[in-house]
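Make one complex out of these two single chains by using the hints.
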Amino acid sequence: MPDALFVDVQRGSVHDGPGIRTTFFLKGCPLHCPWCHNPESQSPAVQLSFHASRCILCGACASVCPAAVHRLSEAEPRHRVAFSSCIRCGACVQVCPREALKLIGTKMDAQEALRIALRDLPFYRASGGGITLSGGEPLLWEEFTPAFLKLCRENRLHTCIEMSGAARRDVLLATIPWCDLYYFDWKISDPIKLRELTGADRTRILGNLDALLAAGSDVTLRCPLIPGINDSEDHFKGILDVIRTRPAIREVHLLPYHDFGVGKAANTGVVQTRYLRASREDLDGYETWFAAHNDTGAVISIQK
Amino acid sequence: MFIPTKDTRPFDRELKFTEVYKENLHAHKAVREERCMAVQLDTYFIPPRADDLIAGRIDRPWVAFAPCFEGDSVDKVGYCIDIAGSEALLEDLIRQGLDKEYTDRVREMIDFWKTENTNTKIRNRFPASWEGSMGRDNYFCDNAAIHPLYRIAGVNLDNKKLLHLGLGGLIREALSLADKTTDPDKEAFYRSVAGALRSVSRVLKDYANYAKTQAEAVPEKREHYLAMAQACENASEKPAGTLREAIQLVCVYMLSTRAVEIGRLDDYLAEYYAKDLENGTLTHDEAVALVDNFFTIIEKERGRDTRAIIGGFGRENPEEADQFALLVLDVLEQRQGHFYPQVSLRRYNGMDERVWTRSLELLGTGCTFPLLYNDDVNVPSVMRAMDVSRKVAEQYSFFGCGEYMLATLSLGTPNTALNVAKVLEITLHNGVNPSTGAPCGLPQEPLTDRSTFEDVSRAYKRQLDFFIDISGGFEELLYDVCAEEACFLLDSCLQNCCMERGLSMVEGGIYHLGGTVETYGNVTAYDSLSAIRDVVYEKRAMTLTELVKALDANFVGYEDKRALLLAAPKFGNDDDRADSIATEFHEFICNAVRGQRAKTRLDSFLVVIINNNMNVVLGAYVGATPDGRLSGVFLSNGNSPYNGRDKQGVTALIHSMTKMDTSIHAGGNQNLKFSKGMFEHQGAQIRAPLQTFFDLGGQQTNLSVVSQEELEDALVHPELHENLVVRVGGFTARFIDLDKQTQQDVLLRTAY
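Quick mapping for you: the protein sequence lines, in order, are chains S and Y. All residue numbers for the first sequence refer to our numbering, where the first residue is 1 and numbers rise by one. All residue numbers for the second sequence refer to our numbering, where the first residue is 305 and numbers rise by one.
Chain Y on its own, in the form it takes in the complex (with noise of 0.2 Å):
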């Protein structure tokens, strides 16, 4: 444990962990990442907080190994450094008297490492043919139609197997493991595996002793720390026996390798907290605080996008899993107003009518989560999209922002995000990103006033194959380079099938290797596309040289053509004109990355459309598109109709976003918002659009309830707000065509 003494200096614990690294240079990776790891856990974790239950804080070095570490603003993967947090801490210390001995050994450390980390490997390994279209790293301060994002994110880590066999376990498998192998490679992991897994053992041991010693201590808190003591003696060694074991063991763990998925906890939890019921040994409260401390660990620790899923097809004891899916549920209501983790329930026909009633009861609240999954749906797609069976698809899981993967048998990171709004713009101006002047993309012939629509479609889709090919190429790239510096030890020996074949789960041990890429603007390129035919080739209003002249200007001067572009149709209105472009774009993307898996070794490769704040940051790079978006402006979020243009109710907003075919990709978000109205006085109605929104092939959905804010929002940005509709004295009227006064009064009531 770190416990900082007087003598302890800031750059100790980076300058050990690069002391071990270069002495073991030339060892094995897996021996190097062993020892390495060893360094790092015995000087990560820190004392739990007075309040805390479970063990588990950690203060993270400027210099780790990880499948995903942030720093620099940007994801790492493997060897990382925070370059510009160490060299800031750095310059503070000079400041302050640092001694010129270790000043100089911290600088030549973060020299090291500058070209010694896994990011730089990857990019120095980047063919010559991506050169002026490959992004740089920062993608929120550069202007390209596509980036690279080096992580391996979404390990949902075997917990069943971790908590059945406990630490001691895993550590006699890979142990008569290795004395069975006679491959020196295979034995070289295998030893490592049991090595790094002796390190968690040894975090454990130390929260043991430091929760006894305050149990001395502390004598008000006796019980407490003793309660907490047992826990981690026996999580460190033996198979989980109680509620509390099993999430002291997994919060530990997953700390330890930098996971941040929570998964499936109903599957692997249900067991120990039902046992516990039986025996009388812990109560429904008690599981609830114990479960909140484990999910405040993981948001404040790990927090980053981490996911808690409950329900769903393929869990092993469903009765025991729902019961433990409404402890979930329980404890989601205590921590409203947290981001984190983000609670999503895998729902389907004939699920529990508990766990369902209880869901849209706190939807209703207005409460974010939980976000709803309909597996009835997803299973079938992902056996399609993942080419396979029913049985393994079940085990589908999602993480970060919605990506789809195969929960312990498979990688599904993001490692691209492929701006398909800016590959438009750069196919309009031939080949050329407008914003830089430079040729980005593919060489392209000219698009000109004899032009057709589908000569324009054509090139669109060569440009889109072009980048596509640079991020399945990427994802195999990061995928090689991180074989070639690590076994991510403790992340592969609860992946299947990496302990049966001796092997990483990125060197080819791993049951199904995936990959997806994000890509971004989707709708806002399906509406350009439909506003071009509309306008341009229907209406014969402009020409598109008219068209690419009036996006230069940012439409000043052509608001008339403008008002036209504005006024055509868009997705979400279930308008076929409209939809018909959406979903054959869709489809063209979804299945141009789902080919990438011919063009590579990866298992499958696929499309994710999802939701976060990269539609902002990416739409600042994006001129004004055809839809009438303004430059700059934010581009479509997620699979959803661009913030507004749904202008037909939420039956045709349904419609149209169930046109997209599921099955070719690895997730797309959906966004539905009620009023808070609806939910309060229409209950019953309320599962009726839901229903059918899943019936009719509706994938997912983040439900929201019209908060506060929106309506004061909409206030200032009516133009963003036109499918807000509002409930007022047993009417339903769209909340921008009220006149202000009425509008404040709105805004008055619901505060109610």
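Looking at chain S on its own, in the form it has when it is part of the complex (with noise of 0.2 Å):
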């Protein structure tokens, strides 16, 4: 049975899909979105995870530790975390008192996974809800991916992948008959900037894009908004452009930046730039463009 390294699976999700869900976040992405909302979920291998408010410098972690990954000392940061020494042996975890370390990964297979999407079937009957496929890039696990797809829907559970467009065509292909819906980001419409930025190629989502509607299936597009990155007129229009080519597309979101991943990225050692947030005056703007400007027969609706 083919398995998968996962960041968490959250049960009574609401957001990933219609209904109440199970979201089931993978680990490893192709792109590197310096605005990514679950940063941990970017590397494809275990990470250790360090949350310093929870720390209360106890120093069980570097009585533990095999590689001296922890180091307390009296001077700011007084619990230091050398992240790339980490072997990721868990030690540390196991000891810390008050959860403030974590190994962010747990590898599970899809029968297991599927167990745990059942136990929630009266919520999904109740609500027209399911599981969700997210990430990470879910369609990297080439084999776990489609084959956990097919066991859902064998279950009869309505089944959604969270994507970045930036798949392998093949793996992508096999999940078509097992997949209900596709949650299909389009972030940056400049291919330059596109490439530059996330690493993704333009010519190869769009190419995904028209092959999931070539087939029949059900997209719809998320598109993150950036301030100062692509919240321009020019990224609005590449928008409608890809949509008024593609009357198969009924649902465009938005999705206004958020800052989450900020505060995640530093547990894993990583350092995020924390980009400006969308004032409720730019909200209200960009529906007015839309709103303005939509000649599509897409609805196009901001998710406050």
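There could be a bad hint or two in this list.
Mimicking BS3-like on lysine-lysine, the simulated pairs with C-alpha atoms at most 27 Å apart in a straight line are [claimed, not checked]:
{"hint": "1", "chain 1": "Y", "residue 1": "LYS951", "chain 2": "Y", "residue 2": "LYS843"}
{"hint": "2", "chain 1": "S", "residue 1": "LYS193", "chain 2": "S", "residue 2": "LYS150"}
{"hint": "3", "chain 1": "S", "residue 1": "LYS102", "chain 2": "Y", "residue 2": "LYS464"}
{"hint": "4", "chain 1": "Y", "residue 1": "LYS465", "chain 2": "Y", "residue 2": "LYS579"}
{"hint": "5", "chain 1": "Y", "residue 1": "LYS951", "chain 2": "S", "residue 2": "LYS107"}
{"hint": "6", "chain 1": "Y", "residue 1": "LYS579", "chain 2": "Y", "residue 2": "LYS326"}
{"hint": "7", "chain 1": "Y", "residue 1": "LYS464", "chain 2": "Y", "residue 2": "LYS695"}
{"hint": "8", "chain 1": "Y", "residue 1": "LYS843", "chain 2": "S", "residue 2": "LYS107"}
{"hint": "9", "chain 1": "Y", "residue 1": "LYS765", "chain 2": "Y", "residue 2": "LYS843"}
{"hint": "10", "chain 1": "Y", "residue 1": "LYS310", "chain 2": "Y", "residue 2": "LYS404"}
{"hint": "11", "chain 1": "S", "residue 1": "LYS102", "chain 2": "Y", "residue 2": "LYS951"}
{"hint": "12", "chain 1": "Y", "residue 1": "LYS464", "chain 2": "Y", "residue 2": "LYS425"}
Treat the hints as calculated values from the structure; they're not laboratory data.
This is the structure in structure tokens:
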């Protein structure tokens, strides 16, 4: 049974597709968007995470660590973590009294994941919900993802993938028979800027999008809006261009940037840029712009 | 009515009451009570406030007769005195120059009641076997596992009978029964009931006269007072004819007998509202004002934990009642910020959709009420728990913190507080209370490192059994002593089947003599057992002796072990390792308590696992527990997971909560929290988890929409709010996973 590395499983999720859902966050992503709200999912490997505000400087971690990752001193920061030396043995996590330390990345096979998914069947029934694979990029798990979706569908669960668009085509195609809904990211319309900031290839993304649409899949476009990066009219026009020629896309979600990622990245020793968040006026501005310019049949809504 | 003049002295009422009591010391208990009540009611009510539509305000004396009376920071039953309060006032008056003769009379009165009050009479009858185990009366500053609570709480009066017969009809019924009986005790009971009812009638006549005088004295409020006068005049004798008369009668009656519970008002008031609307004599807004004023009076004068119940099976005319339920919800909307009465909705599949939608709408605005009860589960559960038919079970009601009883058919008062987390602490210390070092509970075979988990379980169950026997014994003793002292006339005459049987509700008159025990720290105990099994017996990371040492040290020097205990499976995560222990011990405790009906004269005796602040108060006297909780910290609340330990989302939480058998206890409160965003943006989706909760067997929930304060507290105490989920820009996140800056941001946003 194929398996995958999970960042988290969020039961009772209500924002990753219709109804009440169980969302599986898989680890690893081919992109490196600097605004990523789940930066701990970018690396495909197990990672140590340290929540500094919970640390009581007891030193239990330092005393058990075989790789001298934890150093406590009088100078700030009083608990220094050498993330790059970590051998992911988990000894420190076991002894931390405040759960300040944890290992991100739990292995689970499709059968186990299905067992978790099935526990909330009554909630899916009552709400029209199901399961969502998110990440990271779930399609990076070329064996697990199609196999798991197939299992879910065999158990009559509604299935959804939240994807970056930058997946391998063959893996994507393998999911089509088993996936009810694709939440497909459209991050930056300008191909050069897109590659520069995220490492993604626009042609490949559009190719994937068209492959899905050609197969008759249900696709919702999701567009993160980061002030100063892609809240420009050019990009907005780019979004309209994409959907104008693809009338099968009925819905576009605009996702205003938030800075969840900054703290989570810091916990894994990564410094993430904190961008400005859109103000209420900005959001109103986006809404007005799209209301005035949306000449497509799609519904474009801001997820406030 | 009590209108002090310049000659009135501060203890006149109490002295008069005491004098009458002494004169009747050897009279029949019913007669004595009736005569004392006459003094009490004549000097207990005060004029209404200027904006009151309903007459009924009180000035509480220091000495009184009541089923439940607060004083000295504890509850009292029967003949009661607030010793600390009256002594403090007396000292104050002496300093102001109170004359010696009066001072001596008051002193003597206080001394008399110190031994003559019913609480003391009950305590004096404690059997020797309770010594060392039964706590003192002041549970809030006493280190013990069980405490007595002296009261007959939560009586639901038969207001329908009251309104249909009127005071005159009730008096005639009592007198005619008195004429027919040949039993002198019964005759005394019936005649005293009539006498006590006449005292209530006098209160209403007084109010009518007062209002008439005011109508003349205050010309601009003439109409206001004339309406009040007419309602009081009619209510003093006749069956209720209008909504105003009905509320007036219920209000004065409740205050007269110090009843707290408004109960199923949509059942007993609906017909008057419907009639008034039909006759065109009352508008919707006028009705809102009347009910609002009624609620305000009960809140202010007798507010304690009062419940107003709407919806549910077993109402005489469901359509009219639902119309009235909608009215109550309108009143509720106006009363945001008031904590009483706790309006509670009994919902069921197929109920009036308007009432359900309106309730969810109010909850979504952050209103704490209505609390939600699931009749589809509760009615069958009550049938089993109390061994009654469906028809009877449909009349279940709940009071105070959520104890189930049968409205007008049973008593269900909780008279002991049993701290099951403390019992576990005593068990782990081999029958010694570690805080005092004294033996407590059952003498016990010591637990050692050779003991198995089954040995620990068994020892705990034995100790629980011991304390539960005390609990049942106390409930019965309280009813026995109350029955010797008095008849609780005004309560008994509106309880089935006291009048038919000619017996008071505590001596065999009531259809179903129930009782309950409040248990605290249940989930703390279950989580502790789960942690013991996981860390001591499965991971073998510490021995049992080492565990007890760590607990005694409040985990200082055992931080690593505490981390393991904290990480052990906990109830609330749909994790069978923890949930199976929780259900096993839940069932054990509930069934052991329920078994007391075979050992006592009670028809039922059941556990209630309720929310109030006792989990905090009693937590102060429990040392560190094996679930990783530190010494003195609050215990689990209701039958919900320990704060913040449900980390797997609302669906897992609901699965865990619905694993507990609901048909063996008398109410377990469960909390469900949603963020405001979920309600505002996901109106339809909030219904799904609730519906599923109820379909899976959820019995009751206090549904709350996360408030600003709570989010702020999460900043300061993140460890208590691990379950808090917020919505930001289309994503859900655990609040505590966000960095400080984002948290601040979320805080600001929810303030909109």
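Practice prompt. List in ascending order the numbers of the hints, as given earlier, that are violated by the structure.
Written response: Result: hints 2, 3, 6 and 12 break, sorted rising.
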